[in-house]
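Heads up: the sequence lines are chains Z and X, in that order. With my numbering applied, the first sequence covers 496 to 955. With my numbering applied, the second sequence covers 68 to 327.
Just to be clear, a hint being listed does not mean it is correct.
[Said to hold, decoys possible] Computed from the model, here is a short list of chain X residues facing chain Z with C-beta under 7 Å:
(1) P82
(2) A92
(3) L134
(4) L182
(5) K199
(6) L201
(7) L245
(8) A266
(9) C270
Calculated from the structure, these hints are not laboratory results. Note that the Cβ used here is the ideal one computed from N, Cα and C, for glycine as well.
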Amino acid sequence: MAYRHLVGSRTHVFADLAILMAKATPVRSGDRLAGIAAESAEESVAARWCLAEVPLSEILAKPLIPYEIDDVTRLILDTHDQAAFAEIAHLTVGDFREFLLTASFETLARIAPAVTPEIAAAVSKIMRNQDLILVARKAQVVTKFRNTIGLPGTLAVRLQPNHPTDDARGITASILDGLSYGCGDAVIGINPASDSIRTLSSLLGLLDDVIQRLAIPTQSCVLTHVTTTLDAMNRGLPVDLVFQSIAGTQKANASFGVTLPILKEAHEAALALKRGPIGDNCMYFETGQGSALSADAHHGIDQQTLEARAYAVARVYRPLLVNTVVGFIGPEYLYDGKEIIRAGLEDHFCGKLMGVPLGVDVCYTNHAEADQDDMDTLLTLLGAAGCTYVMGVPGADDVMLNYQSTSFHDALYIREVLGLKRAPEFAAWLEEIGLTDGEGALLSGNAGTALLTAAPDLAA
Amino acid sequence: MSEDDLWKRLARLTPARIGLGRAGAGLPTREVLGFGLAHAQARDAVHTPMDAEAITTAIEALGLPVLAVASQAEDRATYLRRPDYGRRLASESRDRLTAAADGPVDLAIVVADGLSARAVHEGAAPMLAALKPLVDKAGWSLGPVIVSVQARVALGDEIGTLLKARAVAVLIGERPGLSSPDSLGLYLTFDPRPGRSDAERNCISNVRPAGLSHDLAAFKLHWLIAQAFSRGLSGVNLKDESDAALDAPPERASLPDTSV
């Protein structure tokens, strides 16, 4: 059945729900590249009017990708909480926006398992940035491993000490730098340049050693392919979190060399290690708009809706951390600062609405129309939105991945401006070793010496 | 050791920007401006138009004929949004190339702006100067060197087909990193034709004064071309073992790699 909306004397017709959702999406280069974006500003708003009138139950009843051909669709529908859905089943997308604006955090937690990615994406398309911030801020998603992530009023930071040749001393130097700024509560996570098991083994050992010697209440991760991490676990290497990049369609996941059964196997293996003393959230996923299109696996669906479907994949494995790498993919998917900012807020909102602990890699590449000012804007908005965590890269310059993310200094900035705290266990540790005062403010002057006093032979 | 000395020592262990110091929550002024300069240089590398005439003159001075072409992306903004346009020749360029094509050749060489015209301005002619004696010695026949604006790597597939080349080497400006705005990438594709995937190419990356030298890059490219011709393929199944050829006796280098 086609959807129609009348503007003056002109009738806009949208042949099906997928087309309607795509046309209702705030325009971005990736949807244009796919040939599914609205062709005029009026058409885009007409699609939003039309989408606002679609009942949530209709979205649930009309899978955008058929159940028979896509295991992500099957996962979404098979795990859908019908009882929780009863509370919102009678609403249209437009009603749902108003419901969310007035909902309490308890209500948001109750309906999260009833929110499919398509429902989250649909309502986000008719929301302004301030709506996305306001609702996401109310949603609370708390996870635990060696510390507690996602408490209200906190923002965690992934310490990202990458090195172009995985040099152990260079990585250790960056870790010490990050810790000295009070970063690393979300995870100390390395993107290795090499994906060999030998590299993985030495990096896992390095991280485990640093965390143990300094008794840091945080977790480690080497961001390599899930099958390599499975291999590492089988060899008895110290794996805290299992990492994998995921996407919103079966075919896109296949392009990453990953299937749902592989993720399940890795999740069970990590659970069996029982390495988290205060919680068992042991998965870490990364996502990003445009990944399905770049893998030619988008089924004519807009990139923002497909991104939300990746969160449905993440959700079933109860991850500690999930982040969208929002500006990494390049200008053919998100062209400029405006598109990156909008996408970052959408992704964060959709994840939180679905009950996923969403962080954002606030980032850009040098061929995107974006700069540090855009990143400052997005970081500030995400801080206001209660973002779970952001990245901490030395000087914002990732010398391995060749892109710019947020820095250790950026984390200090957002804490000072918005009063955001670290994960409580990590904050207590920083105070204990003398890096911060009781309020979490850095004590100046001797951070490196203090860390090396606690662990003298690091970076020897 | 003082705290300052400690960070100076640690900073030598990594190219990452560590030990920057801080002014409250912010960066020291010198670091803000230093970062700004690095980003400005990377941006300029992306947006400065390639000077095809100057490149042509420099390459012709090496004794190589040149033909200048363009992709279907008519400007930089289109190029960045539509990677598919950058992979196809503009129709007028295609006609000219078709007319210029002679009999089959061994190797087609394409010089492409990619994402850094600066890399091409500074590196393309020196790179070809280093490569030419190796090509001459091997006796490989060449078509005209094709200089293309608004080009992606895969444009070489169409060019290679039109020139009836056994292989195409694309010298292209790489996506600039914050500390590497001048990096040239070399992509080799055996039996080029439209639709080749990236897995069917070999890449030599980071060719620039502070990275891989032109001489070493030329040596590696020559080695890969020879291997591609003798094995009839390029890509993931052709592993770059040119290092071994540098160190070891020649017969060691010619052993086919069966480990992949």
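Hints, one by one, checked against the model:
no.	hint	verdict
1	P82	holds (5 Å)
2	A92	holds (4 Å)
3	L134	violated (27 Å)
4	L182	holds (5 Å)
5	K199	violated (30 Å)
6	L201	violated (28 Å)
7	L245	holds (5 Å)
8	A266	violated (12 Å)
9	C270	violated (14 Å)
Hint compliance for this structure: hints 3, 5, 6, 8 and 9 are not met, and every other hint is.
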